[in-house]
Structure formats: structure tokens, C-alpha cells
Amino acid sequence: MSELLKKPTMFDSAQDDLPLLEIRDLAITFTTPEGPVNAVRKAHLTVMPGETVAIVGESGSGKSTTALSAIGLLPGNGKVTAGQIIFDGEDITHADEKRIIELRGSSIGMVPQDPMSNLNPVWKIGFQVQETLKANGLAGSNSKERVAQVLSDAGLPDAAKRAGQYPHEFSGGMRQRALIAIGLACRPRLLIADEPTSALDVTVQQQILDHLDTMTSELGTAVLLITHDLGLAAERAEKIVVMYKGQVVESGPALEILRNPVHPYTQRLVAAAPSLASKRLQSQRTEVAEEINAVVKAEHEITDDDVLQIKDLTKVFKIRKGLGRSEDFTAVDNVSLSVKRGTTTAIVGESGSGKSTVAQMVLSLLEPTSGSVIFDGQEMSNRSEKDLFKFRRRVQPIFQDPYGSLDPMYSIYRTIEEPLRIHGIGNAKSRQTRVKELLEHVSMPSSTMHRFPNELSGGQRQRIAIARALALNPEVIICDEAVSALDVLVQAQILNLLNKLQEELNLTYLFITHDLAVVRQIADDVCVMQHGRVVEYATTDEVFNNPQSEYTKNLLRSIPGATLRL
Amino acid sequence: MILFTFKRFLQLIPVFFGATLLVYFLVFATPGDPIAALSGGKPMSPAVESALRAQYNLDQPFWVQYFLYLKNLVTFDLGQTFSGQPVADVIARAMPVTARLAVMALAIEAFFGIIFGVIAGLKKGKLFDSTVLVASLIVIAVPTFVLGFVLQFIVGVKLDWAKPTVGSTAPWGDLILPATVLGLVSLAYVLRLTRTSIIENKQADYVRTATAKGLSRRRVVMVHILRNSLIPVVTFLGADLGTLMGGAIVTEGIFNVPGIGNLVYQAVLKGETPTVVAVVSVLVVVFVIANLVVDLLYAWLDPRIRLV
Amino acid sequence: MSENPTPEIIEPTASAPRVRAGKISSRRIEHYVAPLEETPLQSVDKVDETATPLSMWAQAWRSLRTQPLFIISAALILLVIAVAAFPGLFTSTSPTSCSLEFARQGPSAGHPLGFTFQGCDIYARIMYGAQASVLVGLFTTIAVVVFGGILGALAGYYGGWLDAILARLADIFFALPLILGAIIIMQLPAFRENRSIWTVIITLAIFGWPQMARITRGAVIEAKSSDYVMASRSLGLSKFKTLVKHVVPNSLAPVIVVSTISLGIYIVAEATLSFLGLGLPPSIMSWGNDIASAQISVRNNPEILMWPALALSITVLSFIMLGDAVRDALDPKSRKG
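Residue numbers (our numbering), protein chains in the order written: chain A, 1 to 566; chain B, 1001 to 1308; chain C, 2001 to 2337.
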């Protein structure tokens, strides 16, 4: 690592060597109706003054629980059962309510995960900032100006006016800025940032993290950053703590962990992280790819067989403005693309780009305002019911939310059998054989048949959704954010499965996603959308190596960890 | 906010027309002779009969009848009772009594319902919570008139703490017992609603964030949990005012309160349909207005609504 | 499509692209690795094959059957239904052979609860009166669920003008409180002269359906926006079949809860109407009628009123408690996953 790349930090000095926060052998237990659950065991970490430490782990690894225990914010059924939490030399493991309230806000701040639900909808933003100042005795006489100052420090333009608005008048990014303002309002020495940007678009995420970086280094605030994204952690923190099943499995200097992961779990995580994977491909370090990440693109025979063509597709929604007035909103604006048989085309865009609307029109679930979808040479609009029914056999979707895409009332067997039944394929016996075969295809034990969706994990449900989509032997599969809701390891697993199936069954994918990093692992062609329009459409390599539009460049830059030199 | 008020007002117009039409339709268009319905099936003098025909324009087509009735309703020309008094006067005398009763009932149910509901919600699963929950179920399950008799008997007769029946002027003091009976069932609903709402809000993300700011427990509860939890409760209370006035029939009967409910009840017993129709129409108006007030209150409490 | 009231991107993005290299601390940070045996690595996303498969209903049943509230209320309801169906099994005294010589007498052998004002056996009347209350509650609920449920489901699922009309219609009915509306109907000649169990059921159903329609509508709207509905549609299942096969089964939980509770409420409403002299005709033996006829002697013989009132209240309480218990068991928040 060259000295040039070293980023200076305010608290560079090595003299204050007392840790600000020290967690020793912490154990946290939740009492549930099914019995006690050990959420965290023997966790330990230290945060030095001014340092940024990231806790990385998948959902359920205990990373948030560990961090929140430091300000006494465990849910009612959670309890610290062993170990110590030491803040600034003081043991606060079992500190009384009064002491914890003293510390909250003024010594330890928090920025929560979801900006949509973390501001009280019935109070003005300014009020919510002001009460923070007041509670910690910092309001003073000119509290209005202080509030405006705090908000504008967090990067909110026109702060004095904005303070008089309600949360619902703010966009997600602005709400997160307001929450950062609240977290840092009293200049705490430690800020706990719990997935502060995971609910936001990547470009916004980028901006907000940059701003948070600047602010905390100016204030000398130490940050305990909780994230599921290894790339993001490596980019933002000096030190990474990897948690797995409630335990710390590895910790150390951020870049060191990425370069030399020692624990097998960390190795898995590093190998699977899509943002880092794409980076690795660029820097010719594919040999690091582990078994889990063996995402090898199948060699496609290039034919001119465009199975799916979209021409000048446009969708205009009427937005009701009350009292009979309405306004046109163009969600999809003149989109054209074509997908070759046996290949994958990804449509990438941030929220509101119209990518999912395109998917719904391709699936004939939504009528286009103008333009056409041509499947296998046949125009889709004005098709007869019968033709549409035949079309359904050949084009199938996989949706984003693994918890919503399976009917909770249907057993797995009924779920996978349903398409066969609808299309009158086979008899009871042959259908059962087919269901078993499909479960095997998606690497699920055939005993899963008798289970119900609520007994399966997100990744497992997504496999069932894939099996259901495959039941009719379709040619095209539309994946609408099919892996976005999954943990990285599971995500990599599903991507592998999709690649494997494509190879075996010569499937064509239209892959809708907000995550450019994932695109690299699966797509042959990429179509970048912004505000309903296509801003860039080329092969994956071209888009990644030689992006043309400013927006694509910005998207690429915003992939966490994308610019790390490993 | 002004636009919102206006829009809400406009939306209530079809409800008003629909509800009055419904009442009118039920009385005049169901099988049977409307005159027989108006007279309660009892023989009547030709003079009364012709007066009824004139009041309700029974020789006209149905729609004309309905609109003339509406016109009468708006101008408070509500016809006469069998004893010859103008119905409008009778209502004007009874209405304040029932309004007083309903407001007292509302105050009682709001006060105790919210306080008990909040405590139960904050201490979910504790003894107080379970006790109050079971008690509220019992109150809902026991018919109001049984509750009325029991309270009248115990408090009014056995303990002699309050007058078992209400005097003809219906002073506030006399109304405490009937108002309690009237509000008791709603109290149980308010309690349960408050409790559910508190439990839900207690787990909200913004409550955790408020705690993380360093606010005292008391402030978190008062400012962040309570205000948000009370929004549905206030909505319920507002709509309940109309229900209480309409539901006062039983209570007023038991305690002999000279209010609207008693008026309707006596009219029903005597088969005096014109009075019934008039009173019900007036109550519909009260209900519709109460709903408008609720909507405005709701918008005032929850800033998100104002945009719609 | 929700509009963003404010722009997401705030600063100009033109600023020079920064190459973020990660932070390097000047402090020495120890590289710690946990011993492998402490956290054995498990294979990613393994299916737990040990647990027995359970449907949502089976899970609800499993949590229900251990709840005391459920056990008590279900046992009581079964008892009430048995009494309503075969009152003769629970008493050998005839409820109609009354003799004024026993009027208002207290309990005696074979007459555990004493006699009414007319000298009828109170216990026997309670046993035989159960039928009317249970029938009214049951059939009103069925009528309301069928009529309100179907209308609400169609309105919620198809939306548009049907939904708009239904919403206004429900508003209109809500403007008339149940008792008030029932009074108007019950005093109409057509009803007043043909009073029977059915007129009471019809009256209560007329004012009860809008509530059920609202509940069903809400549940259907929630279910219809699920991805599994979209998945079935794109499998080629017709719109109506999707409603029947996926949306309705998933909307049943709140409907079941509300109908159970409503059943109790309708029994109370019937009693109230009978108390006002507008419910069941005096010829039909019912708790409501017995309470109504006992009110004249409430000062001196409160027990004549209390016994049927107690029977009624316990029945209603059982239904409400059952509804509450079922609600808790079906609550998606308490379900795992």
C-alpha cells in the first residue's frame, strides 16, 4: 500500500491508547416462547477514540444486537448474561437507567437503519432534533439556530425551512441526513451506525457515507458501523469485526482481512461479496474465487435468435391529484432492447427508474401505453386469451420478496404442482414425479415437499420459486430483483444455481436489479435505466470497462469497495 | 387544510342523502300501506290521516315525496306528534338532555378507557393488564340493559350513592350513573384499542430512536408513544358520540331520562312513526357531523393525512 | 408510484471522482482469528429436516390448544351448543308448564334456580331459551359473512366503481347505529306483524353486513398485492380463480376472528331488541324475552333477571374470548418466518 493512498484521519496520534469502547466476552440471551436463544456468545471488540470499526455479518449473526447492547437498547426480551461493556473506562454492563440515559445522545449517538420508520411521523423534523439537544442540555437560548445548524451540518440544504417540515415531506436520503443530524447533534464520542444506508439507492448511499465520514473525522467521533456489506466495511473502516452465529470469528485491519482472510467463514464471505468479486475480475485475480463463488459463465453459442424483443415500450400512469384532477407520470419512456436465446440481459436502475414496470409489461401483467413486446417473433399486444395462456408456459417470473412470492397456505408440493395443474399437464402420479425432479434441480431435499413456506429460509423459498417457474419448461425467466433480499452467501448460491440452470436448460434471463455488482456475475448484456429511459445499453464488459454515460459511471463508482486496491 | 375540510364536507353529502333515503325508504316503500305504518297499525281519525297525507305528500310519486321530506327536514318542519305537539319542539326539548348524557358518557369512557388502556399497554402481560382485559371482555359480553339494572340496583338502591332515576330536568348530577352505564361498553372498546395501539407503537423504530437520543423514559412515553397511539382512539371517540346518542335508548329507558332515546322508544311503543322518522333523521345528521369533526381532528393529529 | 417530494441527490455530483482506498490506522490492530472448533462452519442455507411440517392452520391450532382462554371458551361454546340442540337432555322439567302458585319462589328440589314471575321453572327456561339465542347468532353471522364477505371480497379485489359504490353504501349504513336501525325496521308493519326468529336475523344482518364487508375488503386488498398472486396470474391462472384459490384463503383469518366476536355481539343485540319489545315474539322462549319480562320485578326479585342474563353473558363472553384467542393464534406478528 503506497503512502499516497493513505487517508489522513484527525485522530492519527497513537497517544490516547485507552479504548473508547471495549466489549469483553459478551453474551446476550433472548427469552422466546420456544425457550432461551443465545443471540451473542463471547463477543469481544474494541473501538479506539476516533476510529471506525465495522461489524460485518449476515442477518441473524448478532451484529446489531452486540452494538445496541452498548447503549442499552436491547429489545425487552433480551438480556446481557455474561461479559462486560466498558465505555471510556467505565463498566456500563449493568449501569442503571439514569446513567444510560445520560450517556445516550451526548456520549453515544445512534444512526438507525431504515430512514422511513425511524422518524416519528407526527412531529416536525426540527422538533425531533431540538428535543435531542434539549435532553442533553445543549439547546441553549438560540435553539432554533442550533437546530438549523445541526441539520445543515448533516448536509441538508435550506435547513431552517426544512426544520419546519414533517418527515413525510422528506425523501429517504434526506430523512437519513436528518437522522445523522440527530445522532451527531450532541457531538457524541461514539456513533453507532446500524446499516445506515442499506435502505437507500447506491448513489445516495455513497453521498451519505462520504458526508458521515467527513463529519465524524471533523468531530473526532469514533464510529461503530454495522453492515452486511464487506466491501462497504473495508472502504469505510480501519478495522473489521466479522461475526457469525453470534460469535466474533475474525477481526483485524480492514484491508488485511480482505486480503488474507483466515477463518473459513471470512474466506467464504470475501469470496462471495459481489462488489469485491467484480473488482477481482477486473484486477485479474480470479484465482481467489472459492468453491462458493464458482460463477463461471457458460459459453453461449451466439445465434441471431432474439427470443425477446422490446420496442419503444412506454408506460404512462395517471396520478390522481384529488378533486378529479390527475397528472401523467411516464414510468417507462421509449425503452427498446432485445435478448438473445440462452443469454442474460440485466436491466439495472435505482428506485423509480421504471425497471420493474418493464418486467411487468414483458410478463403481460401490465398493458403498455405504447410500443410492443415481441416474444419469439410474435407481437404480444392484442393477443387472444388462448395465446396468452400458451405464452404463460414459456415465460415465467421470479420475484424479489421471498416471503411474499409463495402462498403461505400452500404446501411446497402444491406450490410447485400448481402450474402443472393449471395447464393440465400429466396425472397426479406424473406430477409428483415432476415435483421431485424440480426440487432436485434446485438442490432441495424431496422431503421439503410436505413443508410450508413459513418453515423455510428466504434463500430456500427463492429456490422453491425457481422450481415453480421451471415447472412448465419455460424458455424465458424474468428475475425481478430475485436475489436482492438475500444474504450475500445465499445470494451467491442462488446466482450459481441460476447460472447452472441456464447452462443445463438453455434458459434466457431478463434480470432486473438495482445492484450493479451482481450484474457482473450473471449478465451478458446490461441495460442501465434512469427515470424511465435507457441511458446505456451494451455488453457487460463494455459497461464495466468503458462506461459511456455519466450516470453509469457514477453508479459504478458508487459500488462499495469498487475502488479498493486489493 | 381548508381544501381538506371542503373535500371531507363534500364527501359527507352523499352519506347524508343516502342515510335519509334509507330511513325514508324503509318506512314508506316497504310492503304495506304507509298510512298503516305511520299510524302504527292502529285505527286513527280521518283528520289525523289527512294531516299525515299532507305532511308526507303521500299522493305524490316516491321521489317527490322524498325530496319534500328532505325540504321539511332542513327547515325543521318535522310534523306533529299524535298528541298534536310539533315534533321539532319535542326534539328540541329532549336533545340537550341526551347531548349532556352522551358528552358525559364520552368523557367517562375517554378518561378511564385511555388511562387504563395506556397502563395495560405499557405493562403488557402483567397482572393489571390481564385483569383489565378480562374485565373489558365481560363488559362487552353483558348486555347494556343488564348492566343498567345491576348498577341501578346496587349503586342506586342498595348503596344509595346516586339517584336510581333521573328527574324531569335531568341535572348533571343525576346523569352520572346513566352516563356510566351508557359509556361502559365503549369504555371497554376504548381501553382495548388504546392498549393495542400502545403495544404496537412501543415497538416502533422511531421510539427506539427517541430512546437512543437520550430522552427520559417519561418523555419517550408522553411525546412519542402516547400521541401516536391516541390517533385511532380519538377517531373512535368522535364517531362514538353519534353512536352514544343513538344508543341511549336502552339507558334512558332504564333510568327514565327524558331524552331523545326515551322519545323514540315511547314513539315506537305508541306506533308514532312520524316522530320516529324525524328523530332518526336528526340523529343521522348528528352522526354525519360528528364524523366530519372526527376527520378534521384526525387530520390535525396526523400530518400525513392532510396531503391526501 | 410514489413521488419523491424532494430530490434524493443533494450535492452536485460533478465533484472529482474520489478513489477510496480504505482507512489505514496508525495504531497496531491485532488480527484475531477465532479457533475453528468454537464456531463450526455450517453449510449455507441448509434445510432443517428435523421439524415436522406444519401448515399455518396447524401451527395456529398448536398454539391454541395450550391456551387456557381458548380451552375454557371452546368448552363453554360446545356446552351451549349441546344445550341449544338438545335442551331435553339437560332438564326434565317443562319450561312452559307454569303455575302461578309457584310465582317468584326460590330454589327448591328439582328447581335449582327457583321460579319466574309467572311461576315457570327458571332453570328449564334457560335450557330451552338457549336455542333462540344461538340460532339468531349463528344465522345472522352466516348471512353477514356470506353477503358482506362476498361483496367486500369482490369490491376489494376488482376495485373501481364497485368498490366506490360499496364504500359509500357502507358509510350510509354506518350512519345508522345498529339498535336505532333495527328499531326502525322492526316496527314496520311487514316485520311487526310477522315477528319471528327470521325477522330478527334479517334485521341484524341488514345492519351487520357493512362491517364484515369492510373487514373482508381490507384483508383482500392486502392479500391481492402479494407477489404470490402475481406469480399465479403469470402462471396463467384466471383472475377469478386467483381470487378463489389464493386471495380468499389468505384473507380468511381476520374474517374468522371478527365473525366469532360478532356472533356474540348479535346475541346481545337480539336480547336488547327483545328487551325493547321489538325482538323475538313473546311466544318464542329466549333469554332476551325472559330478561325483558323479569324487569318489572327487578327491585324485589333481581335473581329472576340475573339467571338468564348470566347465561346470556357467559355465552357471549365465550364467543368473544374465542375470537380473541384465535386472533392471537393467527396474528402474523407472532408467527415465525
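Everything labelled a hint here was simulated from the structure, so no lab data went into it. Honestly, I wouldn't trust all of these hints.
As the list claims (entries may be wrong) - Straight-line Cα separation of at most 27 angstroms, BS3-like style, residue types lysine-lysine; simulated pairs:
(1) A:386 <-> A:340
(2) A:553 <-> A:340
(3) A:42 <-> C:2046
(4) A:98 <-> B:1007
(5) B:1158 <-> A:124
(6) C:2245 <-> A:436
(7) C:2245 <-> A:318
(8) C:2241 <-> A:386
(9) A:311 <-> A:429
(10) C:2224 <-> C:2241
(11) A:390 <-> A:429
(12) B:1126 <-> A:98
(13) A:386 <-> C:2239
(14) C:2046 <-> A:436
(15) C:2224 <-> A:429
(16) C:2224 <-> A:390
(17) C:2046 <-> A:386
(18) A:134 <-> A:124
For clarity, every value in this text was computed on a predicted model and none was experimentally measured.
Evaluated hints:
1. A:386 <-> A:340: OK: residue 386 (chain A) and residue 340 (chain A) at ~25 angstroms, within 27 angstroms.
2. A:553 <-> A:340: Satisfied, since the Cα-Cα distance of roughly 26 angstroms is no more than 27 angstroms.
3. A:42 <-> C:2046: 25 angstroms, holds
4. A:98 <-> B:1007: Violated, at roughly 49 angstroms.
5. B:1158 <-> A:124: With Cα atoms ~54 angstroms apart, residue 1158 (chain B) and residue 124 (chain A) exceed 27 angstroms; violated.
6. C:2245 <-> A:436: 23 angstroms, holds
7. C:2245 <-> A:318: Judged against 27 angstroms, a Cα distance of about 31 angstroms means the pair is violated.
8. C:2241 <-> A:386: It holds: about 16 angstroms lies between the C-alpha atoms, which stays within 27 angstroms.
9. A:311 <-> A:429: The given pair, whose Cα atoms are some 43 angstroms apart, is violated under the 27 angstroms limit.
10. C:2224 <-> C:2241: 12 angstroms, holds
11. A:390 <-> A:429: Roughly 24 angstroms between the alpha carbons, so the hint for residue 390 (chain A) and residue 429 (chain A) holds.
12. B:1126 <-> A:98: 24 angstroms, holds
13. A:386 <-> C:2239: 14 angstroms, holds
14. C:2046 <-> A:436: 18 angstroms, holds
15. C:2224 <-> A:429: This hinted pair is violated, its Cα atoms lying about 31 angstroms apart.
16. C:2224 <-> A:390: Measuring from Cα to Cα gives roughly 24 angstroms; hence the hint holds.
17. C:2046 <-> A:386: Judged against 27 angstroms, a Cα distance of about 41 angstroms means the pair is violated.
18. A:134 <-> A:124: At roughly 15 angstroms apart (the allowed maximum being 27 angstroms), residue 124 (chain A) and residue 134 (chain A) satisfy the hint.
Hints 4, 5, 7, 9, 15, 17 from the list above are not met by this structure, while the remaining hints are.
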